[in-house]
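Once you know that position 139 of the sequence shown is 139 in UniProt numbering, the rest is easy, because the numbers rise by one and skip nothing.
It should be emphasised that the hints constitute simulated quantities derived from the structure, not laboratory data. Be a bit skeptical, because a hint or two may be false.
Said to hold, decoys possible - Here are the computed distance ranges between Cβ atoms for each label pair:
#1 Gln237 x Asp117: 33 to 43 Å
#2 Glu233 x Ser9: 31 to 41 Å
#3 Thr159 x Lys255: 30 to 40 Å
To be verified - Below, computed lysine to aspartate or glutamate pairings styled on EDC-like, alpha-carbon distance capped at 20 Å:
#4 Lys205 x Asp226
#5 Lys191 x Glu174
#6 Lys205 x Glu233
We treat Cβ as the ideally placed atom computed from N, Cα and C, and that holds for glycine.
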Amino acid sequence: MQPFFARFSGTGYICAHRGARSIAPENTSMAFVKARLNGAHLYETDVHTTADGELVLFHDHTLGRTTDISTHPVLSERSSRPLAEFTYSELKTLDAGSWFISADPFGTIASGEVGKDDFSSIRGQRIPLLRDALADCYHHNFPLNLEIKDQTGTAADQTIVAQVMETIAATQTESLILISSFNHAYLRQIKQLNPAIATAALVEKSHPESLLSYLRDLGVDAYHPDQLITDAELIQQLTSNGIKVNLWTVNDAEKAQYFMAAGATFICTDWPQRLAAQRPS
Numbered sequence: 001m002q003p004f005f006a007r008f009s010g011t012g013y014i015c016a017h018r019g020a021r022s023i024a025p026e027n028t029s030m031a032f033v034k035a036r037l038n039g040a041h042l043y044e045t046d047v048h049t050t051a052d053g054e055l056v057l058f059h060d061h062t063l064g065r066t067t068d069i070s071t072h073p074v075l076s077e078r079s080s081r082p083l084a085e086f087t088y089s090e091l092k093t094l095d096a097g098s099w100f101i102s103a104d105p106f107g108t109i110a111s112g113e114v115g116k117d118d119f120s121s122i123r124g125q126r127i128p129l130l131r132d133a134l135a136d137c138y139h140h141n142f143p144l145n146l147e148i149k150d151q152t153g154t155a156a157d158q159t160i161v162a163q164v165m166e167t168i169a170a171t172q173t174e175s176l177i178l179i180s181s182f183n184h185a186y187l188r189q190i191k192q193l194n195p196a197i198a199t200a201a202l203v204e205k206s207h208p209e210s211l212l213s214y215l216r217d218l219g220v221d222a223y224h225p226d227q228l229i230t231d232a233e234l235i236q237q238l239t240s241n242g243i244k245v246n247l248w249t250v251n252d253a254e255k256a257q258y259f260m261a262a263g264a265t266f267i268c269t270d271w272p273q274r275l276a277a278q279r280p281s
C-alpha cells in the first residue's frame, strides 16, 4: 500500500474541495486552515505554473472569477489572459479573497456561518505558492490531494510534473501527497519519477473503456470519477481489485452516506464542516 493511503485504513473520509471553500475563498491559505479545523481529513487543491516557473495554487485557467484583476490598477488590461502568462510577482499583488464577500457563493455570509469578524482575513488572501502549502502540510502532518491542472498548449506542459515532484521532495511530503489529474500522461510521468507517490486518475462525463485494465496499465492507486457517473457497483468492483475510489464533488449528505457505505475511501466536498459528521465511526 502507498504510504499516503496507509493513513486511511477505513472508508468515508472527508476531503475539503479547494479547501473549505464554502466558508473561505477557495484555494487560499485561509480555506486550507478552515478545512483542517472543521473536520476534514485532507484537502484538495489545484496547481498551475506561472510565466516565470513558479507553482501556484489556483483552479481556473484565467483570473477573473476569484481575484480583483478586472479592477487592478496595473493588470486589468490583461484580465482575460491565462494565468500562465503572469509572473508570480504579478499574481501576488492580486486580492484573492474579497470576491468571496461580494459573491457569497454558498450563501454562508447571508446565513451567518461566515461572520464579519472574518472579513479582514478574507480580504487579505493571496494566491498561495505550492511550496508554502506543502510546508504547512508537513508542519501539521496533514494530507493533501494535489490536482495538476492540464497545461497542454503552454511551455509548462513539459515541466510541471518534474517541478511538482521536486517541490514535494524538497518539503519532505511524499507520504502526505496524492496527485491527481485529468491529464493521465502526467500520472505516468509521476510513477516513472517516483513510484512511491500515490496517483489518481480524474475523469468526468464517462469512464475509459475496459476501466480496470486501463487503470492498472496507468499504474494509478486510485480512481477519481465525477459522482454523477458513479454507483456503488463500480466502487465495489474497483476496491475489490485494489483500486481506491474517491468521489467529487459530493455536497448532499444522503449521497455522501451512499458512497461511504459503498466503500469510497474519501469524498471530496465543498462542505467539510457539515459532512465530517457523516463518516461511519
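Against the structure, the hints come out as follows:
Restraint check, Gln237 to Asp117: a C-beta distance of roughly 48 Å breaks the suggested window 33 to 43 Å. Taking the beta carbon of each, Glu233 and Ser9 are about 23 Å apart, not inside 31 to 41 Å as hinted. Between Thr159 and Lys255 the beta carbons are some 38 Å apart, a value that agrees with the proposed interval 30 to 40 Å. Straight-line distance between C-alpha atoms of Lys205 and Asp226 comes to about 7 Å, which keeps the hinted pair within the 20 Å bound.
About 13 Å separates the Cα atoms of Lys191 and Glu174, which keeps this hinted pair within 20 Å; it holds. Proximity of Lys205 to Glu233 is assessed by CA-CA distance (about 17 Å); at most 20 Å being required, the pair is judged to hold.
In summary, the structure is inconsistent with hints 1 and 2 from the numbered list given earlier, while agreeing with the others.
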